[in-house]
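Visitor: In case you want the letters, here they are:
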Amino acid sequence: MLEKALIKERNNSFYGWLFFLLVLIGIGMGAYIYQLIEGLTVTGMSRDISWGLYIGQFTFFVGVAASAVMLVLPYYLHNVKEFGRITVVGEFLAIGSVIMCMLFILVDMGMPMRVLNMILHPTPTSPMFWDMVVLSGYLLLNLFIGWNVLEAESKGVHPPKWVKVLIYISIPWAVSIHTVTAFLYSGLPGRHYWLTALIAPKFLASAFATGPALLIIICFLLKKFAGFDAGKEAIRKLSLIVTYSMCITIFMVAVEFFTAFYSQVPGHMATLQYLFAGLHGHSGFVPFMWVFAILSVVALVLLIPKKTREKESTLLIGCISVFISMWIEKGLSFVIGGLVENPLGRITEYTPGLAEILIIVGIWAIGAFIVSVLYKIVVSVKRETDVYSANTIQISTRNEGL
Amino acid sequence: MKKMTRREFLRYSGLTGLLILSGKGVSLVGLADTLEAGETQVNPSNAKVRYGMFIDLEKCIGCNACTMACIKENQLPEGITPNRVLKMKIGEGDNVREYYQPILCMHCENPVCANVCPVKATYKREDGIVVQDNTKCIGCKYCMQACPYRVRMFNKKPPFSYKKKHPGGVHVGGTVIKCTFCKHRIDAGNISTACCDWCPTGARVFGDLNDPESKISKLIRQRNGVQLQKEKLTEPQVYYGLIGR
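Line by line, the protein sequences give chains A and B. Position in the first sequence (from 1) plus 2 gives the number in this note's numbering. Position in the second sequence (from 1) plus 25 gives the number in this note's numbering.
Simulated from the structure, these hints should not be mistaken for laboratory data. Honestly, I wouldn't trust all of these hints.
What the hints assert, rightly or not - Chain B side only, calculated, beta carbon under 7 Å to chain A, not exhaustive:
# : residue
1 : 87
2 : 144
3 : 163
4 : 171
5 : 199
Claimed, not checked - Label pairs and their computed distance ranges (CB to CB):
#  : chain 1 : residue 1 : chain 2 : residue 2 : range
6  : B       : 86        : A       : 284       : 22 to 32 Å
7  : B       : 121       : A       : 36        : 40 to 50 Å
8  : B       : 121       : A       : 127       : 39 to 49 Å
9  : B       : 118       : A       : 293       : 37 to 47 Å
10 : A       : 36        : B       : 86        : 38 to 48 Å
11 : B       : 109       : A       : 219       : 42 to 52 Å
Nothing here was measured: the structure is a model prediction, and the numbers come from that model. Glycine included, every Cβ here is placed at the ideal spot set by N, Cα and C.
In isolation and in its complexed conformation, chain A is listed as follows (with noise of 0.2 Å):
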């Protein structure tokens, strides 16, 4: 199978792609082992803001990557046959999305050579230790899964029993990684924008509009550069999906403003009046938010309407503005936002260090360079099935007319 992604591409600008990725790659390597050399100091984390860019980055790709189940679960649950063609990039953006959140992880420790420890000392009272099960775990089954289904379907036989059992298996434990990444933060009594127990059920209504908003992209993108088309009522059928997890999560994000404001808690008001309006003279997050709050009200509006969400240009628009919209939500504001302030009523702003984003570079690229190769191979397999199929047909239509 892995021999397959060696096939030579007709298209050139695939191994541009990969190249230019692959710069990335060592210009994030090279800023990881000059943090490394010099300490976290490198980077803008402070003794108030302990968690930067890495975790938040973290935390957004937890959700991409269990967005995958949006593909799984309909297909294997509903019969939606639609989907077949395209679970398996659904589960190759999973494994590369996990492998860039274990990486976010790793470059966010001070001792990353002990990461072991983890093993060693297994703590089942900690939720980053459940956080390392369920992602390393989720990570194995997509593994399986994606390999088995897609070597079988290029032998074209079906896929073995024991595929299904797991199947089954990795549609809870998506929910779980993106539960269990929340109760990281929805567990701490310090911190009053994290402790609310609408954290995990926002995350993941998120996680299935941000997860398969990227499929879209993606689909449209192998489309024109590979020539593989994912169907026109499998994009349909996910864009819905887009279009009602995006609207539940615009709610989520709302009715925070309610309880904090109503109730005017000065702990639950202060870092939302932080985001969004700044707060003692300090509002380095106001401009982000704007941007997050006109792409969320862009994408909704492009989204719900049935005209522009089935036309291809106004549903790519709406598909990107989802997307950064919610990386701003969950990757820029949600964890830094939770500490802006401190237990005394103190306000430390945050700006990420050169070096920090280099690494964030870098990391995204290895994503990307992972999830190139994986889809060569994919696209390689259903061209050779595609082929395939279109001579039995030829075949059949041939031995009909005799």
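With the hints as your guide, set chain B onto chain A.
Guide: For chain B alone, kept in the frame of chain A given last:
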């Protein structure tokens, strides 16, 4: 010999991998040991006592002698102050009064930081002191998010090259540093912390909260000692005597 198919090979190699992992990987343990020679053994602490501190805000003059004492005693890397003194205000307009509030690890009875630590590097000793083992800490900083008082500090020194031994243990770059109630002094039989010894006005008192006749217990009763953010229900063991006299 029968030829091994690829599927069989994968199955057997997977099994071998599982065996290595389930044996808790002798090689893994060895690797961890070579990375960090074990330094702290859990001291057999006395389960009958429960150490705490009382800080009289009326007596604190904000001189930061405690901060300096802490830095000297624990040989802290620059920029790290597990004990610090905050300038606070109470009242409004003409009625305003300024005062100083030292803040340090509260050694909570229910320490959230110890619960969330994924590697058991932070734990509560039997005598109530919450300690940090920097030979285990992986620097994930989860405890810093969990702490309702933000008194945990991150040592941003480089992880490979920075290592400094001191009486209370070792400071390693890339790990978390916290107040230890000067546990090395207590284990040596000197029941007092550096900050309390150095305080020029006697605003800080260290002692056994379980003993009703100890100086600290009496002071907490006399001055109606309060705990910070008690509503968070972490049961801090540091009590404050409020201003007002």
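Visitor: Hint by hint, say whether it matches the structure.
Guide: Each hint, compared with the structure:
no.	hint	result
1	87	15 Å, violated
2	144	4 Å, holds
3	163	5 Å, holds
4	171	5 Å, holds
5	199	3 Å, holds
6	B:86 - A:284: 22 to 32 Å	31 Å, holds
7	B:121 - A:36: 40 to 50 Å	47 Å, holds
8	B:121 - A:127: 39 to 49 Å	44 Å, holds
9	B:118 - A:293: 37 to 47 Å	40 Å, holds
10	A:36 - B:86: 38 to 48 Å	44 Å, holds
11	B:109 - A:219: 42 to 52 Å	48 Å, holds
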